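Join these two chains into a complex; the hints should help.
Spelled out, the chains give:
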Amino acid sequence: MDRDPHVCVMGEDVGHYGGSYKVTKGLADKFGDLRVLDTPICENAFTGMGIGAAMTGLRPVIEGMNMGFLLLAFNQISNNCGMLHYTSGGQFTIPVVIRGPGGVGRQLGAEHSQRLESYFQSIPGIQMVACSTPYNAKGLMKAAIRSENPVILFEHVLLYNLKEKIPDEEYICNLEEAEMVRPGEHITILTYSRMRHHVMQAAKTLVNKGYDPEVIDIRSLKPFDLYTIGNSVKKTHRVLIVEECMRTGGIGASLTAAINENFHDYLDAPVMCLSSQDVPTPYAGTLEEWTVVQPAQIVTAVEQLCQ
Amino acid sequence: MAQHLKSSSKSILLNILRHNIGFSSPSHASRHLRHNLPHGPPSTRLSPNPITRYCSTMVDTLSSIGSHEDTNSQVMDFPGGKVSFTPEIQFISESNDERVPCYRVLDDNGQKLTNSRFVPVSEEVAVKMYSDMVTLQMMDSIFYEAQRQGRLSFYATAFGEEAINIASAAALSPQDVIFPQYREPGVLLWRGFTLQEFANQCFGNKSDYGKGRQMPVHYGSNKLNYFTVSATIATQLPNAVGAAYSLKMDGKDACAVTFFGDGGSSEGDFHAALNFAAVMEAPVLFICRNNGWAISTPTSDQFRSDGVVVKGRAYGIRSIRVDGNDALAMYSAVHEAREMAIREHRPILIEALTYRVGHHSTSDDSTRYRSADEIEWWNKARNPLSRFRTWVESNGWWSDEAESDLRSRIKKEMLEAIRVAEKTKKPNLNHMFSDVYDVPPLNLREQEVLVRKSVKSHPQDYPSDVPL
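Protein chains in written order, with full-length UniProt numbering: chain A, 1 to 307; chain B, 1 to 468.
Since the hints were made in silico from the structure, they are not lab data. One or more hints might be untrue.
[Said to hold, decoys possible] Some chain B residues judged to face chain A by a derived CB distance under 8 angstroms, without partners named: (1) Gly210; (2) Lys211; (3) Thr228; (4) Pro238; (5) Asn239; (6) Tyr245; (7) Leu247; (8) Met249; (9) Asp269; (10) Ala272; (11) Ala273; (12) Asn275.
The structure displayed is predicted, hence computed values, not measured ones. We put the beta carbon where it would ideally sit given N, CA and C, even for glycine.
The following block holds chain B by itself, in its conformation from the complex (with noise of 0.2 angstroms):
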């Protein structure tokens, strides 16, 4: 099979070229086949191109001859790759016998499980993750009171997934980029965004990152790496991938990692991403936080395949299923998708089971649509919090003193934060019309000269709290 090669002329292409030999296995020589493509003179196809994508990796390795050779197996050449015959009229069944097994390393009472493998974590980590988890617990308890005084006009709380939240952060590096849907706040927490800007950006006022201009919990930081929260359901998968794509070109080890839910999988662009992610070999994860719950909608009503994780196979993605509320599972399953995706440039697919403990937002009361047990069990007896400290506590590296302290502490800061993001002034009115583009033209300048009209002649009309 002749090796196309293509002529390349930047050094950067050339760094690529010495990046990718470095993670490639000799089975990826034979393989920069393409396949449609005519054939042209190979005197004019002799330097390296650096960046061919691999063709159809699967399909390719596969044996085509498979239980049939005792049958006169012929085997076709259509595009795509050889598959074999079959006379046998099947259907391949729509699910499979039984559902594929969840990867969990605690038992529900935190109890290590005695097989189970699993990516130690030092002291350090693990009280951070612990600590975190408490907090973003803690921040949520507190934002959602905030709203329902009147103080907030708007939150979404992320109870029952703490675990999903605070392990998954711990497991990347901060130059990983983070597309987010909406109940992530944990990556940031994580991070090192302070329970101020937190608060900031919820309030809306002049030192909200977002300049005031996004509702609560839409929160963004360019510095550490989190792209601002879009309302959108599922359009940050695309981008994901467009962000892995980059990171691929420039070389860098660091992976795209987005969230979405388990009613985010039905929105087209979770399929258009995932098809996109596998043929660009983009380093992405997709981590899917399957809670149960889109709104009103259970899971039962949202899709009939076996969860998300079997979607991963349809579009040639590794995919696994985790026990969303073991965090140490979490920890473990996006570190070692982590090394995949960047050392094997592929997407992976994460599907944690999890459950949403809280309502969708302050908008809606779950209580009509599902039942109070149901709900309390969730926040009691599986709760991620307790089993993951249970772990710690067990290695001695907690104790019901540093609880109450890290609470009293988070408690604290927390009211803090809350009184003074309350008492900071909105942005400037001129902030209404700035950054639409990176220079504000003329039509834009024109309204702001006509909306501070209407502001001086109306003063009585116009909110106190936002500064000219």
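Here chain A stands alone, though its shape is the one from the complex (with noise of 0.2 angstroms):
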């Protein structure tokens, strides 16, 4: 925001209250209320709102508050925000960043457990990029605004507190680029958000027991870096895929197709896929935990896929 006076926020309490995870805490004082703009309560109206600003030049960073509200902003976000760069051939532009706090948080009921990915992944026009550290976080973003195409960048509500020494001079991630995390041999192990974390506490398990996995956080949900994700297949032949959308229609389901489509012949397992289950996410803690994949579930997958 101090680089480029077109950049803006919009959403609900994210001016004097700071966003309810603090995201924007300290910019309403910093650039003032209409930079940092606190909206009535109707995700339709403040996405569209946004695409409207950034058609006549803002670079609006629009928030959803979780991002399971804003179901209610799809038909903007599908119809116009997806299309119009499109529709109107070229001639406008909509370089809008989507992003609020998503995912199975702890014990936040179902209606605020949502994985929005999954849903809006078919949307033509726009790209979807999940942050999983504060290293990429601070990149993503910043690719996010600078990018000309619409952007729906994925945080996770129990990721917030992750601490990280990073640098404090300007960088950017690549919005396509996938991360490798952990090289290894063994297996190709698919991951994204927080589940990147369970990944890899499984991995210190898994390296006990004398397994090399590659671990690569995909980040990027759509499109998928195939070429990142094709030379690990290509290397250890085995995939994994550890996700926190459901079973059906998410992230996993896609990225197994796009996987077997294109890298049958490197295969000498087929792919797995371990995600949530085809519920709505329970309140009890104990129930809410096991809709999840857990470090354990991962360890025996990859025991199962190496044998």
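Now the structure itself:
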């Protein structure tokens, strides 16, 4: 926002309150409450507003207080955000960033534990990225703001407290690139967002057991970085996808199809995908834990695949 | 009352400050208070915040003690402002005793009403307005016929709404950004879109600015500040509010203008956009073409309020009802509304009453749900063109000869435009994949390769007028 006066923020409680997860804390004090705009409660309206503002030259960062609420903005995101650059013949660009916390949290209830990347992934014209560490959060956010395409940036409710030493100076992360977290030889584990941390936890156990997993944080949910992924598959010949989306129609489902289509010849075993069950997330903490993939399950899956 | 001020650091913000101060009245100064904020130490909040939005406008200044001074009137400070109490159990009526009156300048026969007040138009503007109304009507007729003959796939006319189209455009400046629904091509016409350009879009050929991707009548021109029509109803209303917000941030002498129909006012986006515009104090004009019909749904099945104009007050928006078939009234109303919107940073709602003489589109036959007599009456007796023509002629600015000259010229131009558009090749196949993103990503490049492979192996199934 310092670098470019066209960047602005809009959403519910993003201004003086600093955002429900304090992502925009201090911005309203610094940039004023017109550039960090508190809106009334209507997701479709402020998303539509952001799109209209983007068509006239601003670069809005639209916050969904919880990604699940953006279901109400689906009309604007699909019909206008994704389409208008195309249907206008390239006359109007929509450089918006739509971001917010999503995923399964700790006892937030079913309505606040949704994985919107499943629903948005088909919309043509948008890009989707998911951040998972403070380092890639800063890099991806900057890249998303500077991109001319509409980008949806998925943050995770449980990752805001991560602490990491990151460079003070400017850097951006490529929006279409996956991140090699841990190179290895035996198996390719593809993951993103919070599940990356579960995978890395499982990796410790796996290393002790003598396995050498290659962990890739795919980061770019649309389009997939099939270059990085492909090179890994060609090396290890085994793929395990670990995601938080539900079994049906999630990112894992699309990724499985893409890998099978493109790298079938390189696979020694069928692609395995660990996902959440097709249930609304229960409130009870113990049940909630079992709807998402746990490190123990990842270890078992790797052992199974590597037999 | 302490004034809450925050520090600013950019010169661009100070420009907005100067701009705002120029337009604000002295009473605004006391309204910089934000009610529900915690109060901070005064020393940290001394420099002016140029972009503080004003808080609830009218509520603070309304008298809280109404006619209940004689009773033991207590006043309570609920969030949102003071209200006085009443011991009467009174429900606000669902409607006023009388409907909101409708502003008009010319009578049914095109004679100026004796006590009408209006913004004067010069001969040049009046003649252009009338000519463009005729052009719009003829363009619609000829395109409609072309569709019926199978030369066009689809069309939607604006018959009966020519005055709304042209007069509103005439009252705006070229910098005002337009967010249309789909029945406002007249605004583009006024701004200089040529008949050939209209035809190109309708035929989806390679000269179409939309590169053949949209249905006919889904025009768009960034050069003329007319945003590409998106078929979804009322989604353009929040877009317009966003554009107005952007214009306000940049301190431009321009507003956003958006059109929608009576049907569009039922959509959630209408209510949200009006509410947002009021809260943001955004310079946007909401122009509702209340033409009585949403495809086959009459307004009696669309809402139970007194039309759309009364809804403005619910959101704190100044509103007016206008005779949409009176070009002078439309011109004046839009002119005044634009001034207010930009000077005072407020949204304005204009309900233009009119009648949809044509069918909803070429996919509709409206005689199935309304009488042909009704349509004919509005087409002849309440025609916006004839009313305005009478007034223009009464000033000596038009004649029968000018009319026939214009009509024959337009007809020739239209037929030529269609002939050329029909013959022009369609956009190249690569345009199926371009502009989805700024640069086609790998998956789209792959998909294009697959399509081209398919075309190569089945050339007889591929359309002959789409170049590879």
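Now the hints, each set against the structure:
no., hint, in the structure
1, Gly210, "holds (4 angstroms)"
2, Lys211, "holds (4 angstroms)"
3, Thr228, "holds (4 angstroms)"
4, Pro238, "holds (3 angstroms)"
5, Asn239, "holds (3 angstroms)"
6, Tyr245, "holds (6 angstroms)"
7, Leu247, "holds (7 angstroms)"
8, Met249, "holds (6 angstroms)"
9, Asp269, "holds (6 angstroms)"
10, Ala272, "holds (3 angstroms)"
11, Ala273, "holds (6 angstroms)"
12, Asn275, "holds (5 angstroms)"
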